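S.K.: Residues per chain are reported as follows:
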Amino acid sequence: MILRLALATLTRRRARTALTTAGVAVATAMLLDMVMLGSGMRESFRGFIEQQGFQLRITPRGTMPFDTEATVGGGAALVVALQGDPDVVRVAPIIGTKGFVTRAGTDSVIGAFLLGLDPTVQGDYILAEGRDVAAPDEMVVNAAWLASTGYAVGDTVALAAGYEPQVRRLRGIKTVRIVGRGRFVMLAGGDRAAALPIATVQAIGGEERRDRVSVVLVATRTGADVEAVRARIERADPRLSALSTTAALRFVDERLSYFRQLAFILASVSLAVGFLLVTTLVTVSVNERIGEIAVMRAIGVARWRIVAQVMIEGVALSAVGAILGLGLGLVTARWLNGILATFPGLPAAFDFFLFEPSAAFRSLGMIVLCGIAAGVWPAWRAATLPIARTLREEAVA
Amino acid sequence: MTSPPLVLSARDVRRDYPVAGQPVHAVRGLSLDVSEGEWVAVVGPSGSGKSTLLNLLGAIDRPSGGSISIRGQDVARMGDAEATRFRLTGIGFVFQRFYLMPTLTAAENVELPMSEAKVPRAEREARAKELLRYVGLGERTGHRPFQLSGGEQQRVAIARALANRPALLLADEPTGELDARTGTEMITLLDRLNRDGTTIVTVTHDEALAGAARRVVHMRDGAIVDDVTVRPL
Numbered sequence: 001m002i003l004r005l006a007l008a009t010l011t012r013r014r015a016r017t018a019l020t021t022a023g024v025a026v027a028t029a030m031l032l033d034m035v036m037l038g039s040g041m042r043e044s045f046r047g048f049i050e051q052q053g054f055q056l057r058i059t060p061r062g063t064m065p066f067d068t069e070a071t072v073g074g075g076a077a078l079v080v081a082l083q084g085d086p087d088v089v090r091v092a093p094i095i096g097t098k099g100f101v102t103r104a105g106t107d108s109v110i111g112a113f114l115l116g117l118d119p120t121v122q123g124d125y126i127l128a129e130g131r132d133v134a135a136p137d138e139m140v141v142n143a144a145w146l147a148s149t150g151y152a153v154g155d156t157v158a159l160a161a162g163y164e165p166q167v168r169r170l171r172g173i174k175t176v177r178i179v180g181r182g183r184f185v186m187l188a189g190g191d192r193a194a195a196l197p198i199a200t201v202q203a204i205g206g207e208e209r210r211d212r213v214s215v216v217l218v219a220t221r222t223g224a225d226v227e228a229v230r231a232r233i234e235r236a237d238p239r240l241s242a243l244s245t246t247a248a249l250r251f252v253d254e255r256l257s258y259f260r261q262l263a264f265i266l267a268s269v270s271l272a273v274g275f276l277l278v279t280t281l282v283t284v285s286v287n288e289r290i291g292e293i294a295v296m297r298a299i300g301v302a303r304w305r306i307v308a309q310v311m312i313e314g315v316a317l318s319a320v321g322a323i324l325g326l327g328l329g330l331v332t333a334r335w336l337n338g339i340l341a342t343f344p345g346l347p348a349a350f351d352f353f354l355f356e357p358s359a360a361f362r363s364l365g366m367i368v369l370c371g372i373a374a375g376v377w378p379a380w381r382a383a384t385l386p387i388a389r390t391l392r393e394e395a396v397a
Numbered sequence: 398m399t400s401p402p403l404v405l406s407a408r409d410v411r412r413d414y415p416v417a418g419q420p421v422h423a424v425r426g427l428s429l430d431v432s433e434g435e436w437v438a439v440v441g442p443s444g445s446g447k448s449t450l451l452n453l454l455g456a457i458d459r460p461s462g463g464s465i466s467i468r469g470q471d472v473a474r475m476g477d478a479e480a481t482r483f484r485l486t487g488i489g490f491v492f493q494r495f496y497l498m499p500t501l502t503a504a505e506n507v508e509l510p511m512s513e514a515k516v517p518r519a520e521r522e523a524r525a526k527e528l529l530r531y532v533g534l535g536e537r538t539g540h541r542p543f544q545l546s547g548g549e550q551q552r553v554a555i556a557r558a559l560a561n562r563p564a565l566l567l568a569d570e571p572t573g574e575l576d577a578r579t580g581t582e583m584i585t586l587l588d589r590l591n592r593d594g595t596t597i598v599t600v601t602h603d604e605a606l607a608g609a610a611r612r613v614v615h616m617r618d619g620a621i622v623d624d625v626t627v628r629p630l
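From first to last, the protein sequence lines stand for chains A and B.
Everything in the first sequence is counted per this note's numbering, starting at 1 for the first residue and increasing by one.
Everything in the second sequence is counted per this note's numbering, starting at 398 for the first residue and increasing by one.
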């Protein structure tokens with residue numbers, strides 16, 4: 001009967017209850033989005049670097065992978081030296097530079113990011129069409145590259161390592177065949193990219209690129225002390241910095257700490273808004289029914305049952321709002337993710353909002369707890385009202 | 398002939414409370430006995446302490462002094478939980494403004510005190526129907542308060558008050574919100590209730606209601622100034 005009364009009270013003023021529930025749903029959606037955002041970027045980044053299967057990234061000293069155009073010489077010897085380490089099982093040298101082609105059927109020149117790598121151990125792209133690179137004069141490109149240049153998989157193109165715009169001249173030209181289309185996981189959606197064997201990229205780059213590498217990915221054997229390997233590599237060659245997955249994640253954590261603080265503040269504001277909405281509605285509802293509550297107490301309804309009735313109202317409001325908010329939060333997260341994914345310089349496959357069931361349930365739980373807390377004050381007020389005085393005042397009113 | 402047993406015995410009851418820092422003596426050393434089967438109408442001018450007395454007798458207010466015993470239980474010394482339980486099973490309340498739960502049907506309103514007293518569902522549904530039939534609303538059990546007239550709402554309130562078979566029915570201006578015709582119907586119902594054995598104490602300004610009672614107690618300034626038995630038991 002008390003449950004029935006509590007729920008009936010909520011449906012008594014349908015519009016007001018619906019508006020409050022909508023408010024709680026919006027607060028829940030924002031809370032959920034902030035929780036998803038707080039962990040999404042980090043987990044997305046972790047997914048990227050772990051997907052490649054390499055535990056160490058070796059770069060010119062003081063740089064981060066592809067943060068600058070810096071390269072290190074003696075690439076072949078470096079690879080041999082790294083392969084000599086007993087804890088190293090795989091080494092993948094990469095060079096990043098720019099490459100140019102003329103647009104199909106025109107003389108306009110299109111630039112693109114050119115990735116020289118070992119196709120057998122790479123983790124930079126996922127093949128979507130055609131086949132992988134198997135010869136020095138073959139390359140895999142992305143959809144943006146194909147769209148910009150007007151070529152298709154199977155076409156042969158003249159790829160240049162340099163372009164002098166003043167005299168409109170391409171240099172370091174090599175004829176290559178497009179054998180596949182791939183999705184380059186670390187690149188933004190609109191960035192044009194092509195991948196070739198590292199030896200080809202080094203060769204067309206001339207002296208400037210000969211035997212140079214931008215980054216070397218290293219996979220260690222299972223059970224190896226990655227930090228020890230990292231320290232050995234840095235000790236052996238002072239030109240190099242080695243970054244472990246753990247250190248990379250720590251670095252990302254540091255860079256995202258302000259972002260997470262902002263997400264935490266906004267999540268707290270959402271909780272506060274949800275709390276205030278529910279407590280306001282329940283307080284107003286109790287004030288409206290003060291006479292009814294006094295009569296219930298007068299006819300013998302126990303104090304705790306009045307408390308339960310008011311608390312049920314708060315919990316029901318917040319629970320329904322939270323469930324609606326879960327759906328709303330997922331929809332808005334997806335929409336915002338679509339907008340943020342188009343930001344220049346960010347990988348297209350990067351997820352800002354990561355849905356984790358535990359985080360979602362945590363958010364729902366927090367909102368429901370808020371609903372319980374929101375009912376405490378009005379419930380206490382309802383349960384402790386002086387019956388005789390309230391009835392007298394109601395009669396006078 | 399033996400006299401009927403006492404249902405209510407109030408001795409030297411006082412109720413003082415402060416208003417704007419000044420003590421107000423709402424009830425001053427009042428004593429009253431009510432026997433089983435009596436119908437007592439408490440009358441008097443506004444501010445004479447009638448409603449305060451009713452609240453004290455019904456254990457929804459505590460006296461500042463004196464004792465109130467209902468069926469041998471000292472109401473004045475009860476804690477909140479005990480008083481609540483006592484109100485649930487020992488007292489039936491009828492208010493001037495009916496105060497039915499607007500979201501519940503007539504039958505559910507009558508069931509509410511029984512549900513609180515943990516009466517099994519089947520039993521309380523049957524009793525609610527029986528009580529509503531008794532007050533003349535057997536055909537309107539599924540109606541909500543807003544679908545009932547003032548007189549019908551007050552009948553439901555009386556059925557609710559009788560739900561747990563209380564020892565005493567307390568009614569505060571039960572005809573106060575009703576027109577003359579409906580008020581007369583209400584008096585007839587109360588009279589029938591009393592004839593069927595219910596002990597009633599009403600507070601009223603309504604002369605017709607007071608005239609129907611077996612005994613009329615006049616109050617002034619918090620004290621009983623006259624106590625007349627019109628129709629002995």
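Don't take every hint at face value.
Claimed, not checked - Over the 10 Å line for every Cβ pair with chain A, so calculated as not near, a few chain B residues:
| hint | residue |
| --- | --- |
| 1 | R408 |
| 2 | G463 |
| 3 | E508 |
| 4 | R592 |
To be verified - Looking from chain A toward chain B, a few residues come up when the C-beta cut is under 10 Å (computed):
| hint | residue |
| --- | --- |
| 5 | A8 |
| 6 | T9 |
| 7 | T11 |
| 8 | R14 |
| 9 | E292 |
| 10 | A294 |
| 11 | R297 |
| 12 | A298 |
| 13 | L324 |
Worth flagging that the hints you see were computed from the coordinates, not collected in a lab.
Predicted, not measured: the structure shown is a model, and the values here were computed from it.
In this text, a Cβ means the ideal position worked out from N, Cα and C, and glycines have one as well.
S.K.: Any hints this thing doesn't respect? Which numbers, in order?
M.R.: Violated hints: 3, 8 and 13; rest satisfied.
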